[in-house]
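*Asks:* Residue-level listing of the chains:
4 protein chains.
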Amino acid sequence: MKILESTIEIAVRFSETDAMGVVWHGNYLKFFEDAREKFGEEHGLEYLDVYGEGFYTPIVKSDINHKASVYYGQKVLVKATLEYHQASKIVFKYVVTNRATNAIAATGSTTQVFLGVKDNLLALIKPPFILDWEAKQNWKEV
Amino acid sequence: MKILESTIEIAVRFSETDAMGVVWHGNYLKFFEDAREKFGEEHGLEYLDVYGEGFYTPIVKSDINHKASVYYGQKVLVKATLEYHQASKIVFKYVVTNRATNAIAATGSTTQVFLGVKDNLLALIKPPFILDWEAKQNWKEV
Amino acid sequence: MKILESTIEIAVRFSETDAMGVVWHGNYLKFFEDAREKFGEEHGLEYLDVYGEGFYTPIVKSDINHKASVYYGQKVLVKATLEYHQASKIVFKYVVTNRATNAIAATGSTTQVFLGVKDNLLALIKPPFILDWEAKQNWKEV
Amino acid sequence: MKILESTIEIAVRFSETDAMGVVWHGNYLKFFEDAREKFGEEHGLEYLDVYGEGFYTPIVKSDINHKASVYYGQKVLVKATLEYHQASKIVFKYVVTNRATNAIAATGSTTQVFLGVKDNLLALIKPPFILDWEAKQNWKEV
Numbered sequence: 001m002k003i004l005e006s007t008i009e010i011a012v013r014f015s016e017t018d019a020m021g022v023v024w025h026g027n028y029l030k031f032f033e034d035a036r037e038k039f040g041e042e043h044g045l046e047y048l049d050v051y052g053e054g055f056y057t058p059i060v061k062s063d064i065n066h067k068a069s070v071y072y073g074q075k076v077l078v079k080a081t082l083e084y085h086q087a088s089k090i091v092f093k094y095v096v097t098n099r100a101t102n103a104i105a106a107t108g109s110t111t112q113v114f115l116g117v118k119d120n121l122l123a124l125i126k127p128p129f130i131l132d133w134e135a136k137q138n139w140k141e142v
Numbered sequence: 001m002k003i004l005e006s007t008i009e010i011a012v013r014f015s016e017t018d019a020m021g022v023v024w025h026g027n028y029l030k031f032f033e034d035a036r037e038k039f040g041e042e043h044g045l046e047y048l049d050v051y052g053e054g055f056y057t058p059i060v061k062s063d064i065n066h067k068a069s070v071y072y073g074q075k076v077l078v079k080a081t082l083e084y085h086q087a088s089k090i091v092f093k094y095v096v097t098n099r100a101t102n103a104i105a106a107t108g109s110t111t112q113v114f115l116g117v118k119d120n121l122l123a124l125i126k127p128p129f130i131l132d133w134e135a136k137q138n139w140k141e142v
Numbered sequence: 001m002k003i004l005e006s007t008i009e010i011a012v013r014f015s016e017t018d019a020m021g022v023v024w025h026g027n028y029l030k031f032f033e034d035a036r037e038k039f040g041e042e043h044g045l046e047y048l049d050v051y052g053e054g055f056y057t058p059i060v061k062s063d064i065n066h067k068a069s070v071y072y073g074q075k076v077l078v079k080a081t082l083e084y085h086q087a088s089k090i091v092f093k094y095v096v097t098n099r100a101t102n103a104i105a106a107t108g109s110t111t112q113v114f115l116g117v118k119d120n121l122l123a124l125i126k127p128p129f130i131l132d133w134e135a136k137q138n139w140k141e142v
Numbered sequence: 001m002k003i004l005e006s007t008i009e010i011a012v013r014f015s016e017t018d019a020m021g022v023v024w025h026g027n028y029l030k031f032f033e034d035a036r037e038k039f040g041e042e043h044g045l046e047y048l049d050v051y052g053e054g055f056y057t058p059i060v061k062s063d064i065n066h067k068a069s070v071y072y073g074q075k076v077l078v079k080a081t082l083e084y085h086q087a088s089k090i091v092f093k094y095v096v097t098n099r100a101t102n103a104i105a106a107t108g109s110t111t112q113v114f115l116g117v118k119d120n121l122l123a124l125i126k127p128p129f130i131l132d133w134e135a136k137q138n139w140k141e142v
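Keeping their order, the protein sequence lines are chains A, B, C and D. According to our numbering, the first sequence is numbered sequentially starting from 1. According to our numbering, the second sequence is numbered sequentially starting from 1. According to our numbering, the third sequence is numbered sequentially starting from 1. According to our numbering, the fourth sequence is numbered sequentially starting from 1.
These are computed hints drawn from the structure, not numbers from a lab. The model shown is predicted, which means the values in this text are computed figures rather than measured ones. Hints may be right or wrong, so weigh each one.
[What the hints assert, rightly or not] Examples of chain A residues toward chain C, derived with CB under 7 Å:
no., residue
1, L48
2, E53
3, Y56
4, T57
5, H66
6, T107
7, T111
[To be verified] Okay, derived cross-link-like pairs now, DSBU-like style, lysine-lysine, Cα gap no bigger than 35 Å in a straight line:
no., chain 1, residue 1, chain 2, residue 2
8, C, K89, A, K30
9, C, K89, C, K2
10, A, K136, A, K2
11, D, K67, A, K89
12, B, K75, D, K136
Virtual Cβ for every residue (Gly too), placed ideally from N, Cα, C.
Take the sequences, apply the hints, and build the full model.
*Replies:* Laid out in structure tokens, this is it:
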């Protein structure tokens, strides 16, 4: 199966560090968001496009595993890989690497669903525009 | 002139500290927001009421003066005082006191304007509901 | 087994909402932190005490499950329950309830480890002060 | 007089928007920080260098003037210009331009002082390393 992924480099903000001198654990969800954003840009699946198709894609689940600290002044690479699922959801896996040490700082995942902008209802099957997008990417289970 | 003010106690969050071990300077704008919120509750001028009257009240100006650091584990008192203005705007002054030391940690101010929810236009004169609210508070220049 | 838990009420900040009009998903980790803090206060296990004993307790793992949105102007109750573990780690489970609707907004968990302040080494067995604290709480597996 | 400035492009994060659908006003201080950072990189005056010289440079004053909203999906250019001062302080002026509209979104300024890492004392006159840096930049009042 084709692997769909994107990687973004992020310079850690001073405001993102905490009194232990490292990036506050919750800020990794912002880094994941940046990587999803980059994925959207590179693979033609941007938030505003999805919204244009009548859907929000709220996060319903997220997890982070911290492996090593990231300090102020360091940069990280965040790789987002889309996982194929039959079900009507979007699952990304993330790997955050500290550029200063080449060590993995964190891994994680997020799950999003499709929610109708007008009716606020959950799309129980994949919306047609997503099936089209998957076909265009030659993105399928094997 | 009557003084309209409200005070709120805030326990500093660990996520609000930075690598210098103190509350990151930008987070004081969140403390100001909490104090405005408390003011709205206590004086009957809540964000959602204002929205119900057809207005947003975006911040157009803010400033902060830092006097002393606040450390994790400390609590602050934030006092918001409404300043009377003839012009169609809302101006709050703030004083942030560190409860652990009784020292003033910061002062500041914010200016908000009235923006129509429907037309996105600036209200150049005070909206009637604000004049009513001021009358009810016996809130006027002397 | 005795259940050790604490609950805190949090008024959602305007700055914590996002362009979908609801609390941004990552901010729940701040709510979890507030609940841990409250737990520390109520059960005598505060961050600064732990630091005084020579340990940091960094988060190594966290997850959030979102069940329903929380809107600006609403308050949430966050309950943190400590889970008993033989291993040298601190595991909290969280339930976030929307006070306006009584619906569960989110659940989640965090895992913390003990890291020596001086040597930066992981404590592979529970530090003595924690065993003392557990004994005092009559906190044990049954 | 030579003008010392740096400009950085920032993609607005979804988590930085608020329930009015625009970037939350306080987040501009993060954009200012990014621009200072860029300035430090480009002009050889990085936070960690300054720390290495024995000084913190905490923000003691900041202000923001908002001119127009920035929406999710938009990018901003933030220009930081260093202002020459005889006094022992660092003053930056900022201009935030919305790339999507070319409109100025905000302007602002920050003032930093030199605080000794060891003694926590304010440097009432410019530290020697700053005078050296100014000389190297041919940075002086005329």
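*Asks:* With reference to the structure, classify each hint as holding or not holding.
*Replies:* Hint-by-hint comparison with the structure:
no.	hint	result
1	L48	violated (11 Å)
2	E53	violated (16 Å)
3	Y56	holds (6 Å)
4	T57	violated (10 Å)
5	H66	holds (5 Å)
6	T107	violated (10 Å)
7	T111	violated (9 Å)
8	C:K89 to A:K30	holds (26 Å)
9	C:K89 to C:K2	holds (18 Å)
10	A:K136 to A:K2	holds (12 Å)
11	D:K67 to A:K89	violated (39 Å)
12	B:K75 to D:K136	violated (44 Å)
Checked against the numbered hints given earlier, the structure breaks hints 1, 2, 4, 6, 7, 11, 12 and satisfies all the rest.
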